[in-house]
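With chain A held as given, fit chain B onto it using these hints.
As you go down the protein sequences, you meet chains A and B in turn. The numbering of the first sequence is this note's numbering, which starts it at 31 and goes up by one. The numbering of the second sequence is this note's numbering, which starts it at 21 and goes up by one.
Don't read these hints as lab results, they were simulated from the structure. Among the clues, some could well be false.
Straight-line C-alpha distance at most 30 Å; calculated DSBU-like pairs for lysine-lysine [what the hints assert, rightly or not]:
1) K117/B - K84/B
2) K47/B - K117/B
3) K360/A - K32/A
4) K66/B - K260/A
5) K47/B - K95/A
6) K95/A - K66/B
7) K254/A - K66/B
8) K95/A - K260/A
9) K117/B - K66/B
10) K125/A - K254/A
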Amino acid sequence: MKRYSVFALAREAARHHAGWERAWRSPAPKDAYEVIIVGAGGHGLATAYYLAKNHGIRNVAVLEKGWLGGGNTGRNTTIIRSNYLQDSSAAIFEKSRALYETLSQQLNYNIMFSPRGVMMLAQTEHELRAWKRTAHANRLAGIASEMVSPRRVKDIVGIINIDGPRYPVLGGLWQARGGTARHDAVAWGYARAASDLGVDIIQQCAVTGVDRDATGVTGVQTSKGAIRCKKLCVVVAGSSGVLAEMAGFRLPVESVALQALVSEPIKPVLDCVVMANTVHGYMSQSDKGELVIGGGADGYNNYTQRGSFQHIEETVRALIETFPLISRLKMLRQWGGIVDMTGDRSPIIGTTPVPGVFINCGWGTGGFKAIPGSGWATAEMLADGAPRALAAPFSLDRFTEGRMIDESVAAAVAH
Amino acid sequence: MLSLTCPNCGVTAEETEFAPGGEAHLKRMGPGADDAAFRDYLFQRKNPRGVHFERWRHAFGCGKWFHAARCTQTLEVFGTYTAQTSSVPDDIVAAIKARRPDWELDQ
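Bound-form chain A, shown alone:
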């Protein structure tokens, strides 16, 4: 792989950019691999990269039904933060956020990590108390986040209306080293680095069945033929239920649509991420000037990657009260992604009832921020055959044992 650098840029500028090579290889699938990862989204590609990088396991294939990063990795609102309430969540999300800090250098690919700060508004007394509790928990977990006053919120977020009639701002939970990154670049960067280490990324290859014998998994059936493997890791977010059905088990997961939208581009007005969980809306401004807006998930199972119109209306209506400036903006595009929701709104990383089959799913509405940490922890699990400390609390057993990692109450809606 040719490294990207200022010298490479100068060299290519001098020869009409004819020397850039493809970022990753597109090989035909081999007959067998040690590890097959289903799903070339951020989590799957990060898992493949850390397997090769940290554990030296390079006989790995990543199978993707569509195109690389075309699912939720390319559909989210790119928010990165780690101020979670529960210890296990805080550990994996902070690991992830810390990896994001140097990911561009690590991958030699500019993922445009922008630690612009994340402000989570408290707009009811209950929310204020919940965020205070989270701030204390974060301090104990060693995560830099703090409660700030309404005045400070107004200083940081100039366009906000802090004394609205229905949703006054009573305070905020501020994580200064949270922010955003370019979501496609995260997938592309991991793909390029993993491919360089020998991982085969095979796009347009749908898994249609899982082969198993008495001892466990033996391979998969795909649209490009049968491929054998020793270990299979399913990292397919919204389609996890479908893949689990193929492998012969059921998950505590339901797939619903979550939507996002962007406005027409305007001059810079917002230099951090603002999340207003009481009114189901969160917003940041992209480098192009578009306001990137996310809202609540639909309440019913859905695989269409389209959401209900009333949720857009609810989100925008509420945001207009908090940010009167956006009332005249036109919305340009709207899209949906299929998110896999668990009962406690925490992810699942673990072994499954089928020996040799591992799963990473259930990130629900908040998976993008977790990509590096999730890949790191899943690679550890695939290398050892069992999860290490980072992933262990997120096992499937927790639903049998009643050992919930309850972020549904802690995080309200936006995650």
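Frame of chain A; chain B shown alone:
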């Protein structure tokens, strides 16, 4: 946007008039059940890409619960039926089979 017909009061309305209530025909486990059965009741869910049976409530209408048969891939609604049953009625099965000949009821 979904259009649903409430079998209790006969009103056909858009989904904003209704509230979704999750998977239908869950079998409630009692205090004597083992951990796995209770987990299945509380958390394990059918999550099909295709025909799905759900509970809905006519929240801004008569307020009563009912069941709906719906496709999660196309959002087509095959029919709605009473909540006072623990199995899918024959006419709903027939309506689904008319649209999805390969589909088999799995209960």
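- Item | Satisfaction of hint between K254/A and K125/A, Cα-Cα up to 30 Å | violated (36 Å)
- Is K47/B within 30 Å of K117/B, Cα to Cα? Judged against 30 Å, a Cα distance of about 24 Å means the pair holds.
- Mind checking the alpha carbons of K66/B and K260/A for me, to see if they're no more than 30 Å apart? OK: K66/B and K260/A at ~28 Å, within 30 Å.
- Query: Holds or violated: are the alpha carbons of K47/B and K95/A at most 30 Å from each other?
  - Reply: Answer violated: K47/B to K95/A is near 35 Å, above 30 Å.
- Message: Check the hint pairing K117/B with K84/B against an upper bound of 30 Å on the C-alpha distance.
- Response: Between K117/B and K84/B the Cα gap is close to 27 Å, so the pair holds against 30 Å.
- Query: When you check the alpha-carbon spacing of K95/A and K260/A, does it fall within 30 Å?
  - Reply: holds (21 Å)
- CA of K117/B to CA of K66/B, is that 30 Å or under? holds (19 Å)
- 30 Å Cα cutoff - pair K95/A, K66/B: Measuring from Cα to Cα gives roughly 22 Å; hence the hint holds.
- With a cut-off of 30 Å on the C-alpha distance, tell me whether K360/A and K32/A pass. violated (42 Å)
- Query: CA of K254/A to CA of K66/B, is that 30 Å or under?
  - Reply: With Cα atoms ~28 Å apart, K254/A and K66/B stay inside 30 Å; holds.
Consistency note: the structure conflicts with the earlier hints numbered 3, 5, 10.
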